[in-house]
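Chemist: The lines below spell out each chain.
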Amino acid sequence: MASSGGPVAAPTRRFWPFLRLSLHQFRFDLKAFFRNRQSRFFTLALPVLFLVIFSSVFGGLRPVKVPGGTIPAKEYYVPGLIALGIIAASFVNLVISVTVQRETGVLKRRRATPVAAASIIAGRALTAVVTALLITGVLLGIGWAFYRAHVPARTAPALVATVALGAVVFCCLGYALASVIRNEDAAQPITQAVILPLYFISGVFVPASIIPPWLLDVAKIFPVRHLAAALLSAYNPHTTGAGFAGGDLLVLVLWGVGGLVVALLRFSWLPLRR
Amino acid sequence: MAGPDGAVNGEVVIDVSDLHVHYGPLEAVRGVDLRIERGEVFAFLGPNGAGKTTTVETLEGYRRRSAGQVTVLGVDPQHAGSSWRARIGVVLQESEPERDLTVSECLQLYAGYYPAPRSVEETLALVGLADRAGAIAGRLSGGQRRRLEVALALIGDPELLFLDEPTTGFDPSARRAAWDMISGLRSLGVTVFLTTHYMDEAEHLADRVAVIADGRIVAEGTPGTLAGRERAAAEIRFSLPAAMAREDLPVEVEKAVTGRNGDQLVLSAPVPLAVLGPLVRWAEERGADLADLEVRRPSLEDVYLALTAPDATGS
Numbered sequence: 000m001a002s003s004g005g006p007v008a009a010p011t012r013r014f015w016p017f018l019r020l021s022l023h024q025f026r027f028d029l030k031a032f033f034r035n036r037q038s039r040f041f042t043l044a045l046p047v048l049f050l051v052i053f054s055s056v057f058g059g060l061r062p063v064k065v066p067g068g069t070i071p072a073k074e075y076y077v078p079g080l081i082a083l084g085i086i087a088a089s090f091v092n093l094v095i096s097v098t099v100q101r102e103t104g105v106l107k108r109r110r111a112t113p114v115a116a117a118s119i120i121a122g123r124a125l126t127a128v129v130t131a132l133l134i135t136g137v138l139l140g141i142g143w144a145f146y147r148a149h150v151p152a153r154t155a156p157a158l159v160a161t162v163a164l165g166a167v168v169f170c171c172l173g174y175a176l177a178s179v180i181r182n183e184d185a186a187q188p189i190t191q192a193v194i195l196p197l198y199f200i201s202g203v204f205v206p207a208s209i210i211p212p213w214l215l216d217v218a219k220i221f222p223v224r225h226l227a228a229a230l231l232s233a234y235n236p237h238t239t240g241a242g243f244a245g246g247d248l249l250v251l252v253l254w255g256v257g258g259l260v261v262a263l264l265r266f267s268w269l270p271l272r273r
Numbered sequence: 000m001a002g003p004d005g006a007v008n009g010e011v012v013i014d015v016s017d018l019h020v021h022y023g024p025l026e027a028v029r030g031v032d033l034r035i036e037r038g039e040v041f042a043f044l045g046p047n048g049a050g051k052t053t054t055v056e057t058l059e060g061y062r063r064r065s066a067g068q069v070t071v072l073g074v075d076p077q078h079a080g081s082s083w084r085a086r087i088g089v090v091l092q093e094s095e096p097e098r099d100l101t102v103s104e105c106l107q108l109y110a111g112y113y114p115a116p117r118s119v120e121e122t123l124a125l126v127g128l129a130d131r132a133g134a135i136a137g138r139l140s141g142g143q144r145r146r147l148e149v150a151l152a153l154i155g156d157p158e159l160l161f162l163d164e165p166t167t168g169f170d171p172s173a174r175r176a177a178w179d180m181i182s183g184l185r186s187l188g189v190t191v192f193l194t195t196h197y198m199d200e201a202e203h204l205a206d207r208v209a210v211i212a213d214g215r216i217v218a219e220g221t222p223g224t225l226a227g228r229e230r231a232a233a234e235i236r237f238s239l240p241a242a243m244a245r246e247d248l249p250v251e252v253e254k255a256v257t258g259r260n261g262d263q264l265v266l267s268a269p270v271p272l273a274v275l276g277p278l279v280r281w282a283e284e285r286g287a288d289l290a291d292l293e294v295r296r297p298s299l300e301d302v303y304l305a306l307t308a309p310d311a312t313g314s
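From first to last, the protein sequence lines stand for chains A and B. FYI, numbering that gives the first Met the number 0 numbers position 3 of the first sequence as 2, with every residue one higher than the one before it. FYI, numbering that gives the first Met the number 0 numbers position 143 of the second sequence as 142, with every residue one higher than the one before it.
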């Protein structure tokens, strides 16, 4: 990424314009997000729909074994589908919107303006974090209202932090995946093909306790499993302590750093198709 | 930044010498020189694949050159920063507005990128979109969308505006409207660098044109004088009156005949009156009417087609 040129100003003098522009970008990205029907459906409606479906279909099963005890199957799906909501908000939505913006010349045109790349990226990432927190709140509320799922109080800071960290990590991964998709029409199917199998083997759609250990070991290579596990830890009423799943969060951070490196190396402002 | 050879009247805004740009082994631009002064509307003509967009994108800072010197607003675009980008406006050849924002939201977003933007209302009025301010950008018609893109390029109050094929795909009335808008920019003192492959567009808008073919500039001048157009031989056409043969024509006229086009004789006349005078007297003496007599200078399009013909550039 090109520097913004000129002599290097004092960091604080660069920070406030950066923050102001990031928030400016965020305001409009959020507006565009809510106006786009596809974004609304895949990010907000789909996790809610899945929560209703899974809780109805599997809710009558035996309570699910979780670290420290068991919780009703209906309740298990709340943190699981929060993982799905985070990934939909940061990863799926970001891959599609960034690919579309790149291939339709939106990024290229923004590149011709004085705005710093960091502000555009930060504004977009902030949109993902805020929508991830929003869908978390919605799922907690629906779980509480309809499935007698609890809302964590003691571990709430860990839950919020895990959601935010998960969203940032999946933003990095989203930028990495977007950088290798060469065509806007391919963005949706490729992203779903990458993420759907991981939902199944990572304890998002089916409780981790009934997934064969070898399959769960495969899932543990990938970040979806660690996000689901970290969210369960921050949600699980049997959790002792603050609810931060250190090991899972560390793996998530490593994936995020890896995604960031790929994104930085391969990021393009110009359409790749031509 | 005028060079030592630069006997220029105004301030040079774009100065390019011996520009070369490669895509891998392909040399898309092969030694282009350009000099554009402040306030000029400059049209860059050439067929698809001639190196137009590559040259423009190098000036806009998108592409790295392989060789040559480029200065735009006194800065090398390859190393230009945000303060330089605040002074230019770019309308890309293929781009879409921000799909899910309204017209005025698009402009508010971009206004925030610039240190001293023009007002949204004023910019909308400039491009004739004031009545569409609340429309979702993704639902605009093609012509309106293009105007929005011009508005996005103007919101930062640029000194220099790049327009890459601004009216491609427009219907004739949308093209006229776009021309009026671009002409209006001249009164704002904006320097305009326009690429097009429509000759009428260049003729209508530009103070000066350059033609690029196969990566090289093959002609440069005003639309009226490009490639010696004003001195080129005129073409005269007419049909011989009934019962008259070519041999009956005065010798000055007969000598100028270069061929036939259907029933018409085609004549080439470096000095048109030297042929037209004897021809008209000859016809009057015989009481004949030359009903389909035509005299035309080569059009800009004729000149352009001759310049960009595959065998004209020698490669």
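If you're looking for bench data, these hints aren't it; they were derived computationally from the structure. It is possible that part of the hints are untrue.
Said to hold, decoys possible - Derived list of chain A stretches under chain B, where covered just means 3 residues or more per stretch with a C-beta under 8 Å from a C-beta of chain B:
1) 131-141
2) 203-212
To be verified - Computed from the model, here is a short list of chain B residues facing chain A with C-beta under 10 Å:
3) GLU59
4) LEU72
5) CYS105
6) PHE161
7) THR224
8) ALA226
9) PHE237
These numbers were taken from a predicted model, which means no experiment stands behind them. Cβ coordinates follow ideal geometry from the N, Cα and C atoms, glycine included.
Chemist: Any hints from earlier that this structure breaks? Give me their numbers in increasing order, please.
Modeler: As far as the earlier hints go, 1, 2, 4, 7, 8, 9 are violated by this structure, in ascending order.
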